[in-house]
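2 protein chains.
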Amino acid sequence: MRVNSSWRVLGVLALLGAPAAGAAPTFPDATASDPVALGWMTGSPPPADKQIRLEDGSYYRFPQLRWTFSHWREIFPTADIPRGTGPVAVLPRAERRDIDAIRFTVLDTSQEMTWRESLAANYTDGIVVLHRGRIVYERYFGAGAAERPHIAFSATKSYIGTMAATLIASGKLDPKAHVATYIPELKDGGFGDATVAQVLDMTTGIKFSEIYGDPNSDVPGYARAVGMFPRPAGYSGPVGVYAYLATVPKQGEHGAAFTYRSVNSDVAGWLVARASGVPLDRLLEETIWSRLGAEGDADMQVDANGTPLAAGGFNARLRDMARFGEMLRLNGRFNGQQVVPAAAVAEIRRGGDREAFAKAGYKTLPGWSYHDQWWFSNNAHGAFMARGVHGQAIYIDPKAEMVIARFASHPMAANANLDPTSLPAYAALGDYLLAHPR
Amino acid sequence: MRVNSSWRVLGVLALLGAPAAGAAPTFPDATASDPVALGWMTGSPPPADKQIRLEDGSYYRFPQLRWTFSHWREIFPTADIPRGTGPVAVLPRAERRDIDAIRFTVLDTSQEMTWRESLAANYTDGIVVLHRGRIVYERYFGAGAAERPHIAFSATKSYIGTMAATLIASGKLDPKAHVATYIPELKDGGFGDATVAQVLDMTTGIKFSEIYGDPNSDVPGYARAVGMFPRPAGYSGPVGVYAYLATVPKQGEHGAAFTYRSVNSDVAGWLVARASGVPLDRLLEETIWSRLGAEGDADMQVDANGTPLAAGGFNARLRDMARFGEMLRLNGRFNGQQVVPAAAVAEIRRGGDREAFAKAGYKTLPGWSYHDQWWFSNNAHGAFMARGVHGQAIYIDPKAEMVIARFASHPMAANANLDPTSLPAYAALGDYLLAHPR
Numbered sequence: 001m002r003v004n005s006s007w008r009v010l011g012v013l014a015l016l017g018a019p020a021a022g023a024a025p026t027f028p029d030a031t032a033s034d035p036v037a038l039g040w041m042t043g044s045p046p047p048a049d050k051q052i053r054l055e056d057g058s059y060y061r062f063p064q065l066r067w068t069f070s071h072w073r074e075i076f077p078t079a080d081i082p083r084g085t086g087p088v089a090v091l092p093r094a095e096r097r098d099i100d101a102i103r104f105t106v107l108d109t110s111q112e113m114t115w116r117e118s119l120a121a122n123y124t125d126g127i128v129v130l131h132r133g134r135i136v137y138e139r140y141f142g143a144g145a146a147e148r149p150h151i152a153f154s155a156t157k158s159y160i161g162t163m164a165a166t167l168i169a170s171g172k173l174d175p176k177a178h179v180a181t182y183i184p185e186l187k188d189g190g191f192g193d194a195t196v197a198q199v200l201d202m203t204t205g206i207k208f209s210e211i212y213g214d215p216n217s218d219v220p221g222y223a224r225a226v227g228m229f230p231r232p233a234g235y236s237g238p239v240g241v242y243a244y245l246a247t248v249p250k251q252g253e254h255g256a257a258f259t260y261r262s263v264n265s266d267v268a269g270w271l272v273a274r275a276s277g278v279p280l281d282r283l284l285e286e287t288i289w290s291r292l293g294a295e296g297d298a299d300m301q302v303d304a305n306g307t308p309l310a311a312g313g314f315n316a317r318l319r320d321m322a323r324f325g326e327m328l329r330l331n332g333r334f335n336g337q338q339v340v341p342a343a344a345v346a347e348i349r350r351g352g353d354r355e356a357f358a359k360a361g362y363k364t365l366p367g368w369s370y371h372d373q374w375w376f377s378n379n380a381h382g383a384f385m386a387r388g389v390h391g392q393a394i395y396i397d398p399k400a401e402m403v404i405a406r407f408a409s410h411p412m413a414a415n416a417n418l419d420p421t422s423l424p425a426y427a428a429l430g431d432y433l434l435a436h437p438r
Numbered sequence: 001m002r003v004n005s006s007w008r009v010l011g012v013l014a015l016l017g018a019p020a021a022g023a024a025p026t027f028p029d030a031t032a033s034d035p036v037a038l039g040w041m042t043g044s045p046p047p048a049d050k051q052i053r054l055e056d057g058s059y060y061r062f063p064q065l066r067w068t069f070s071h072w073r074e075i076f077p078t079a080d081i082p083r084g085t086g087p088v089a090v091l092p093r094a095e096r097r098d099i100d101a102i103r104f105t106v107l108d109t110s111q112e113m114t115w116r117e118s119l120a121a122n123y124t125d126g127i128v129v130l131h132r133g134r135i136v137y138e139r140y141f142g143a144g145a146a147e148r149p150h151i152a153f154s155a156t157k158s159y160i161g162t163m164a165a166t167l168i169a170s171g172k173l174d175p176k177a178h179v180a181t182y183i184p185e186l187k188d189g190g191f192g193d194a195t196v197a198q199v200l201d202m203t204t205g206i207k208f209s210e211i212y213g214d215p216n217s218d219v220p221g222y223a224r225a226v227g228m229f230p231r232p233a234g235y236s237g238p239v240g241v242y243a244y245l246a247t248v249p250k251q252g253e254h255g256a257a258f259t260y261r262s263v264n265s266d267v268a269g270w271l272v273a274r275a276s277g278v279p280l281d282r283l284l285e286e287t288i289w290s291r292l293g294a295e296g297d298a299d300m301q302v303d304a305n306g307t308p309l310a311a312g313g314f315n316a317r318l319r320d321m322a323r324f325g326e327m328l329r330l331n332g333r334f335n336g337q338q339v340v341p342a343a344a345v346a347e348i349r350r351g352g353d354r355e356a357f358a359k360a361g362y363k364t365l366p367g368w369s370y371h372d373q374w375w376f377s378n379n380a381h382g383a384f385m386a387r388g389v390h391g392q393a394i395y396i397d398p399k400a401e402m403v404i405a406r407f408a409s410h411p412m413a414a415n416a417n418l419d420p421t422s423l424p425a426y427a428a429l430g431d432y433l434l435a436h437p438r
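Taken in order, these protein sequences are the chains called A and B. Using our numbering, the letters of the first sequence map in sequence onto residues 1 to 438. Using our numbering, the letters of the second sequence map in sequence onto residues 1 to 438.
All the given hints hold, so there is nothing to weed out.
Note that identical chains are pooled: a pair holds if it fits in a single copy or bridges any two copies.
Calculated cross-link-like contacts (lysine-lysine; reagent style BS3-like; alpha-carbon spacing at most 30 Å):
| no. | residue 1 | residue 2 |
| --- | --- | --- |
| 1 | Lys187 | Lys50 |
| 2 | Lys363 | Lys207 |
| 3 | Lys172 | Lys50 |
Quick caveat, the hints were computed from the structure, so don't treat them as lab data.
Required output: the full structure, derived from the provided sequences and hints.
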């Protein structure tokens, strides 16, 4: 099927995180859009109709994006996040064939679905499930592969929030201080008198419209400034994340409501760099990545000035995403060391303000909250998540002692499109593992 | 001191390999241009006058390029060349303090210089010397670091030539066949009726002027097409390596003389991808990089179509460059296995046609020759080299059982500017190790 140009615009708008308005277009399914079967970018050179490029926008069309998400560094400049020289933190294998058949009801429907069916429904590129630290399930599809880093999009934000909580726990970052205390450049902008905590919880009152499908939103301008979208000839807007942030004005009051705006995460990234005195990519390496026993280096897309994209530029291997989640589940202790201070994890897992969150009106997330760049279900298992557009997820279920890491390349950016076949599947798996441990 | 704009143009022209015409401008020395001391790209963000960017050309100005060469992937899109999962091939250490004091005479002068002095004279970023497989010397300067990949520029070509020789040894690539046999797209261009061997030895008769300092040369157009130089607004030329190669016309006869033209290496890269049926980056991983016991992943800059830049886009850690050289010294056997067939190495080390080479008129390389994308000194030690602009080098001295790998960021691109303080230093070190083994 053809993907029309208005969808391409919608797609670009959607790069950053929240639900799309309007009726969903239909798309070829996971099998019909498999990037390996379709032969994208194979051959030297690939045939013209199998080429994927930044400049013509094909990198972010569907189904081409199913290739792009597993080849991000081949499209964009990236900074390496080295794994360090220590041994890999082994995740023992105890794979379970019974998981595929677990049944659940699709959200807000009477439709039943199996775990296995949900993977295709969600255009899953890879999924790994840890139960009590052991790999009980692991699958890859399409361009996904265990050794290949995949773009995490807004799941990046939860790494930033974890670093912020760490700096707060050590007293280097004051959650009550104004942004301008650390970033004088933002003193006269919309963020200047917001507190660090408001930025981390996305309750700032700023003018930044992140409504997908609205061509008048602020997202295209943002995407061009940071370099996720090519800048047209004659472009005269801000270049780079920091330059863009200074242009964001205030609107309303800080602290009144949760509103998902990715620019908060970019400010959070700037804050942790300033508070630590260490560039964001190096801080991530030093405080988290080099201590996780990761299998591979990670990387972050950088803007034209070399600034890592805190709102969504992180790429890593799937099992390493799971290690990060497992570290959070274990209160910061993983790979034989306290990676993140227990106090920082405790503060993160305190969760956010449900009333403030409810004002955002997420239909698929009733009763949820947002804190320190993490999403909290507030369900009976205390599950919380890192979430990125097109289906990137780390789902931590403390009661079931379960961590799920998933990469996907769903045609629709907003996770509202994936939640109905994901969240009840995750909950059902948590219940199942709790009831049927091995 | 100020670097004027004509030098910036000269610098870009010089990206690809050979001597610059005219008198050399003067530059701050290695200490005065140290990128760490100068604070390039430090701070979040760096101060405006410490920023390095692709779009404004600062990435390739001196002294900024001294930072860029160790941060290539932060500027350009790159394809990963994974090291694989095997153990690192340990290089035992037997460091020698006596090396620093070795004296030599600067080429074509009566000036004496010590080994240690030569490193600053050459704006060395890193240098490692293996003697009988042991590290006898290793130093890093400026932005250079053991763990940080550095751009290899045209030393990339020798990896391509080694893969080509491997395919020839296994019968998958016929050195006598015409280019068009493998690449029909080039049938009507200048390369079509050149043989594979002529491409590998750079004796093709094509119209491609690689004279540095000549603004009418073909190099700026090439650099824009492949993406090493930003394309201006309204650019309507070819995009990508392969598209550019098809535009190169014939001039003169194939096989008549050696002329250093980087486009031959791009054709060589295309040939090995076609002959093997494997994309260039994957072939490098499968046949060489994953078998070397490398310490780190390498990577290759890719063009806008995802094609790796065979003429100069390779980045790797210095000790891994030395491992590659050591493998060649040991006739292809390294890390407990035959990495490259002995027959392929034997063919490479046969060297090239001195008469054909002499016609190129390299003042610093009398009696040398070129074969399979390697440079042969034909001296008493049988030394041969991989060479890249601004001082990238792998120097293999079989008689002295010595391999030198060097990264540098000399202000002048052409190695003619570094050879006078490098080649006699390497020769002197080879003589010294032969006379004073330990």
